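Novice: Sequence:
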Amino acid sequence: MTRQTLTAACTVAALSLPQMAKAEPANWQIDREHAVVAFTIMHAGYAKVLGRFSEIEGQFTYDPETQELGEVRATIGAQSVDTDHEKRDNHVRSPDFLDAEANPQITFVGTGSTPETETTGTVTGELTIRGVTQPVTLDVTLNKRADYPCCHGKETLGISASAEILRSDFGSTYALPDFVGDAVNIILEFEAIRSE
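Residue numbering for the sequence shown follows our numbering, starting at 1 and increasing by one per position.
Please note that a few of the clues may not be correct.
[What the hints assert, rightly or not] Distance windows between CB atoms, simulated:
| # | residue 1 | residue 2 | range |
| --- | --- | --- | --- |
| 1 | 158 | 105 | 21 to 31 angstroms |
| 2 | 102 | 70 | 26 to 36 angstroms |
| 3 | 29 | 139 | 15 to 25 angstroms |
| 4 | 45 | 112 | 34 to 44 angstroms |
| 5 | 119 | 61 | 14 to 24 angstroms |
| 6 | 95 | 153 | 40 to 50 angstroms |
| 7 | 124 | 64 | 16 to 26 angstroms |
| 8 | 111 | 187 | 13 to 23 angstroms |
| 9 | 150 | 104 | 26 to 36 angstroms |
| 10 | 95 | 152 | 37 to 47 angstroms |
These are computed hints drawn from the structure, not numbers from a lab.
Model, not experiment: these values are computed from the prediction.
Cβ coordinates follow ideal geometry from the N, Cα and C atoms, glycine included.
Taking the hints into account, I'd like the entire structure generated from these sequences.
Specialist: Next up, the structure:
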């Protein structure tokens, strides 16, 4: 092997090392037993009503070392809404609000992310409610990353996230502007298990 050939081979190898060393983002699955999707909305200016959804599933790819976030997908069952008031819940499921019979799924598909610190950042995506898709930005905090202390023992992330949307952007204008608020505060608290 000539000196020129050896030099070229070493150069190619050196350039290849970062690509070989770079780990692929891991797959993470939302733990449905430790996931809360909640919301608040103003009622007639007096106080906010708190509601939640009991049906949620989702997954994403994420590299904790580089903070690289890849594919993000989540689905919520619109029929699973619960505000601790059966009559109100049935109304929320109606075409006045979620139109859950015609649109049984609320979906979120991530489109990008911006880390701000080692544990905070934003995730942008497309939220679909009532068959209408709008952009949304989530403020996200990574609370903890560690192997689970019991049960499955797998690496687990603890995540808090929040966002604010206007229901009128999704075609729900019932009782605006005074009786039912337009702004909806979304609250997410969940654990995600590494599933690669």
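Novice: Does the Cβ pair residue 119, residue 61 satisfy 14 to 24 angstroms?
Specialist: About 19 angstroms separates the Cβ atoms of residue 119 and residue 61, which means 14 to 24 angstroms holds.
Novice: Could you see if the CB distance from residue 102 to residue 70 stays within 26 to 36 angstroms?
Specialist: Holds, at about 32 angstroms.
Novice: Could you see if the CB distance from residue 95 to residue 152 stays within 37 to 47 angstroms?
Specialist: About 41 angstroms separates the Cβ atoms of residue 95 and residue 152, which means 37 to 47 angstroms holds.
Novice: Note whether the CB distance of residue 158 and residue 105 lies within 21 to 31 angstroms or breaks it.
Specialist: Between residue 158 and residue 105, where Cβ atoms are some 26 angstroms apart, the hint holds.
Novice: State, for the Cβ atoms of residue 95 and residue 153, whether the hinted interval 40 to 50 angstroms holds or is violated.
Specialist: holds (46 angstroms)
Novice: Given a hint of 16 to 26 angstroms, does the C-beta separation of residue 124 and residue 64 actually sit inside it?
Specialist: With Cβ atoms ~20 angstroms apart, the hint holds.
Novice: How does the Cβ-Cβ distance of residue 111 and residue 187 compare with 13 to 23 angstroms: does it lie in that range?
Specialist: Holds - the Cβ-Cβ distance for residue 111 and residue 187, about 21 angstroms, lies within 13 to 23 angstroms.
Novice: Is the gap between the beta carbons of residue 45 and residue 112 within 34 to 44 angstroms?
Specialist: holds (36 angstroms)
Novice: If you check the beta carbons of residue 29 and residue 139, does the distance land in 15 to 25 angstroms?
Specialist: Given a distance of about 22 angstroms, which is inside 15 to 25 angstroms, the answer is holds.
Novice: Should the hint that residue 150 and residue 104 are 26 to 36 angstroms apart at their CB atoms be regarded as holding?
Specialist: holds (35 angstroms)
Going through the hint list in order, the structure satisfies each hint without exception.
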